[in-house]
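Chemist: I would like the entire structure built from these sequences, with the hints used as guidance.
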Amino acid sequence: MAKAARSGTQPNDTVTSPEALGTFGRYAGPATLILSSLAEGEKHGYALTKDIEAFAGVRLAPGTLYEALSRLEGQGLIQALASEDRRRPYRLTALGATALRAHLASQRRVADVGLRRLAGSGYTA
Amino acid sequence: MTRTCGDARRRAARLLRWYPKSWRARYGEEFAELLASDLSERPRSRGRSANVAWSGVVARLTSVGLTSHALEPSDQVRAGLASLGCALAVFLVFGAAMWSQLTVGWQWARPDTFGTRAAMVVMSGVMLVFVVLAVLAAIPVAGVVFGRMARRRAHGLVRPSLLVLAGAAVLIIGGRHFGNGWPGTGGHPWAHQGLVPGGVAAFMWASTLAISSYWAHPAALLIFPPAEVAWMVVSPLAMVCVVVGATKVVRRLEVSPRLLRYEGRLGRVASVAMGVFIVGSCGWIVDGGPGPRDLFHVGAIDIAGLALMTAASLVALRSIHRAHGTGLSLLAD
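Chains A and B, in that order, are what the protein sequence lines are.
Under the numbering used here, the letters of the first sequence match residues 13 to 137, in that order.
Under the numbering used here, the letters of the second sequence match residues 6 to 338, in that order.
For the record, the hints were derived by calculation from the structure and aren't laboratory data.
Cβ atoms here follow ideal geometry from the backbone N, Cα and C, with glycine treated the same way.
Hints may contain errors.
To be verified - Computed, partial: chain B to chain A, Cβ under 7 Å:
{"#": "1", "residue": "Glu-34"}
{"#": "2", "residue": "Glu-38"}
{"#": "3", "residue": "Leu-39"}
{"#": "4", "residue": "Ser-42"}
{"#": "5", "residue": "Val-281"}
Said to hold, decoys possible - Computed list of chain A residues with no C-beta within reach of chain B, every gap over 12 Å:
{"#": "6", "residue": "Gly-53"}
{"#": "7", "residue": "Leu-77"}
{"#": "8", "residue": "Arg-99"}
{"#": "9", "residue": "Arg-103"}
{"#": "10", "residue": "Ser-118"}
{"#": "11", "residue": "Asp-124"}
{"#": "12", "residue": "Arg-129"}
Modeler: This is how it looks when you write it as structure tokens:
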């Protein structure tokens, strides 16, 4: 992620806060998965689908994937690169890396609280 | 290219049609490539087709400024104004159909209840406001379009402008032709005894003749003169031409932020006027009985018309809210 943050470029249009992912509504989930995938390095649509399926067990439908990509690009969190043989790769921007880090930290806090409470409640797996 | 691969590409191209042209220009090629790969891997998936269709509809709504996805400020305002115009057109067609049948009825006899009379006065006042707003909105836009044409810089504006003019000409000529002979027109003895000039009421009635419950009664429709039935088919097409042409002009025309703000303010007034008209039409529907000679009877089509007008006004409100909220405030002079 640090590498992507260093190599990321400035957002192309709108000024976005690092908390931007919270404004994605029902696309927040797909957006988090996409940003997490791109944190490893640039990928095109199909590679993103396969990678997300591998690490999260979720297969993003094509329409959902591109709706989220278009929103992420519009917010300057990812950047489209030059097209390679009809497939266009995307990469994380510095702003996207910051937004992803903030969002995942927030998710981790929620997960930690939930796991701690479960452990204290006497429920067993 | 194998046959399966060719099939996948053809199916991908078909699915891509759900998306608007501007989206296809930006993402079309890469999205088709992804779809083709997905189709080759999973040839049958209803979930995928439904997902693409739904996302295409969302992309279309986004392109006209009706989702929370922000566009560039000037695009957002233009998209908002264009969708407001479309919603207003739907509203006006059903509103004018409802209003004109009542005002033509008043040429025969005055409504016998205060509620219906008050509702018709409110609706007539709002119709006048709509006419004034349409003139105020159209004059500066037409000025910019003609200015561009004079300087030969009207690329992409000539065809939609011609479409608007052709549609309007058909509506005016046809409306005049089929409205002639109704009370208040053509020297009819009951002229000038209604709420509004009879010629205006008859013209509006004739222009919206297609909004009719007769479509549900084909046997009755067959008794109509063939020219009138043809007009009931042609007039909606002419309206569509006007709306599509005007929408394209608004979406394509580069105008100053000042003019966009001016049009935005008019749009806000129009959305208030829509609300007032709905209050008036509700007043008639709640109060309306058959009235003298069964002239002010409320039918199922009036209820359906009111429902459509309410839906159109909600879309208009959302459009103007989006234009003001995220577009106009960010526009710099």
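Chemist: Does Ser-42/B meet its interface restraint, that is, does its C-beta lie within less than 7 Å of any C-beta in chain A?
Modeler: 5 Å, holds
Chemist: Taking the least C-beta to C-beta distance, is Leu-39/B closer than 7 Å to chain A?
Modeler: At about 4 Å, which falls below the 7 Å cut-off, the nearest Cβ of chain A leaves the hint on Leu-39/B intact, so it holds.
Chemist: Under 7 Å, Cβ to Cβ, is where Glu-38/B needs to be relative to chain A, so tell me if that hint holds or is violated.
Modeler: 5 Å, holds
Chemist: Arg-129/A: least C-beta distance to chain B exceeds 12 Å?
Modeler: It holds; Arg-129/A is separated from chain B by about 33 Å at its closest Cβ, greater than 12 Å.
Chemist: Does Ser-118/A sit more than 12 Å from chain B, CB to CB?
Modeler: Holds, since 21 Å exceeds 12 Å.
Chemist: Beyond 12 Å on every Cβ pair: is that true for Leu-77/A relative to chain B?
Modeler: 7 Å, violated
Chemist: Let's test the interface hint: is any C-beta of chain A closer than 7 Å to that of Glu-34/B?
Modeler: Constraint on Glu-34/B satisfied, holds at 5 Å.
Chemist: Would Gly-53/A pass as off the interface with chain B, using Cβ distances and a cut of 12 Å?
Modeler: 18 Å, holds
Chemist: At 12 Å, judged by beta carbons, does Asp-124/A keep clear of chain B as stated?
Modeler: 30 Å, holds
Chemist: A cut-off of 12 Å on Cβ-Cβ distance, and Arg-103/A was said to be off the interface with chain B. Does that hold?
Modeler: Consistent with the label, Arg-103/A stays out of reach of chain B, its closest Cβ about 14 Å off (over 12 Å).
Chemist: Could you check that no beta carbon of chain B comes within 12 Å of the beta carbon of Arg-99/A?
Modeler: Check fails; 5 Å does not lie beyond 12 Å.
Chemist: Per the CB criterion, is Val-281/B less than 7 Å away from chain A?
Modeler: 33 Å, violated
Hint compliance for this structure: hints 5, 7 and 8 are not met, and every other hint is.
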